[in-house]
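J.: Sequence:
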Amino acid sequence: MGMIGEYARLTAAEFERAVGDPDWAYERVRELTEQEWDVDLPWDRARRLDTDKMWHALDFLLRRVGFPVDVVFGEEEIPGAEDWSYGPPRCLTPDQVRTAAESFAATPPARLTEGVTPADLAAADIYPTVVWERGEPLDEVTAHYEALVPYFRAAARDGDGVLLWIS
320 MGMIGEYARL TAAEFERAVG DPDWAYERVR ELTEQEWDVD LPWDRARRLD TDKMWHALDF
380 LLRRVGFPVD VVFGEEEIPG AEDWSYGPPR CLTPDQVRTA AESFAATPPA RLTEGVTPAD
440 LAAADIYPTV VWERGEPLDE VTAHYEALVP YFRAAARDGD GVLLWIS
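Take any residue in the sequence shown, count from 1 to its spot, add 319: that is its number in the working numbering.
FYI, nobody ran anything at the bench for these hints, they're computed from the structure. Just to be clear, a hint being listed does not mean it is correct.
For each label pair, taking beta carbons as the anchor points, the in silico distance ranges come out as [to be verified]:
1) E346 with G434: 18 to 28 angstroms
2) E346 with Y405: 12 to 22 angstroms
3) T330 with P361: 16 to 26 angstroms
4) E401 with P361: 27 to 37 angstroms
5) F392 with E350: 32 to 42 angstroms
6) E459 with W356: 15 to 25 angstroms
7) E465 with F392: 14 to 24 angstroms
8) D458 with Y405: 36 to 46 angstroms
9) E452 with R476: 15 to 25 angstroms
10) A442 with E350: 38 to 48 angstroms
11) Y405 with E355: 15 to 25 angstroms
12) T330 with T448: 30 to 40 angstroms
13) P398 with G434: 36 to 46 angstroms
As the structure is a prediction and not an experimental result, all values here were calculated from the model. All C-beta atoms, glycine included, are put in the ideal place defined by N, C-alpha and C.
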C-alpha cells in the first residue's frame, strides 16, 4: 500500500470546529471520504484529494522552488489530535490556503520539475526511492501537482481551510 498524502477541504466553520475538536475532524473526514469514495469529481469540486505516494517528491520539488506554504505537511499542528496513520493531521488556515493558491497560479508544472531528474530524487532519498532508482519519469508527480492547483484554487475561492496527513 505505502504512504499516501491526504487532503480534506473544510468550510471555514468546519475548519474552526476541526481545529478545536480533532475527534470531530476525524469523523468529518471519514464522512467526506465515504461521500466521494466512488465519485469522480473534478478537483475544483472535490472535498478530498490524495497525492498517492508522490507527496515526498512534491515536498522536495516545492521546497526547491521556494514555495511559500507547506502544502504537503501543513503549516500548523492541530492541538490534541492523535495519529491518523503516520502522525497527527496538520492544517492550513484559509489565509494560508489563499497564499498557496496564488503561488500555484504563479508556478507552472514545468518550473517545478525543471532541471530535475529521477536520479536527483533517488540521490536525495525521496520516497518511494525505488521509483526514482528505476528512472521513472516525473510525470506522476506533475499529474498530482496539476490536481492540487484547482483543488487549492477552489478552496481559496470558498474560504476553506485544509487538513493534511500521511496515511
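J.: Each hint should be assessed against the structure and marked as holding or not.
T.: How the hints compare with the structure:
1. For the pair E346 and G434, the supplied restraint of 18 to 28 angstroms is violated, since their beta-carbon distance comes to about 44 angstroms.
2. Checked against the hint of 12 to 22 angstroms, the pair E346 and Y405 passes, with Cβ atoms roughly 20 angstroms apart.
3. Against the hinted window of 16 to 26 angstroms, the Cβ-Cβ separation of T330 and P361 comes to about 19 angstroms, which satisfies the hint.
4. Checked against the given bound of 27 to 37 angstroms, the beta carbons of E401 and P361, roughly 32 angstroms apart, stay inside it.
5. Separation of F392 from E350 is about 24 angstroms and departs from the stated range, judged on CB atoms against 32 to 42 angstroms.
6. Checked against the given bound of 15 to 25 angstroms, the beta carbons of E459 and W356, roughly 22 angstroms apart, stay inside it.
7. With their beta carbons about 20 angstroms apart, E465 and F392 fall inside the hinted range of 14 to 24 angstroms.
8. Take D458 and Y405: their Cβ atoms lie about 25 angstroms apart, and the range 36 to 46 angstroms is violated.
9. Roughly 40 angstroms separates the CB atoms of E452 and R476, a value that falls outside the hinted 15 to 25 angstroms.
10. For A442 and E350, the Cβ-Cβ distance of about 42 angstroms falls inside the hinted range of 38 to 48 angstroms, so the restraint holds.
11. Checked against the given bound of 15 to 25 angstroms, the beta carbons of Y405 and E355, roughly 22 angstroms apart, stay inside it.
12. Distance hint check: the CB atoms of T330 and T448 are about 38 angstroms apart, consistent with the given range 30 to 40 angstroms.
13. The beta-carbon spacing between P398 and G434, approximately 40 angstroms, falls within the hinted interval of 36 to 46 angstroms.
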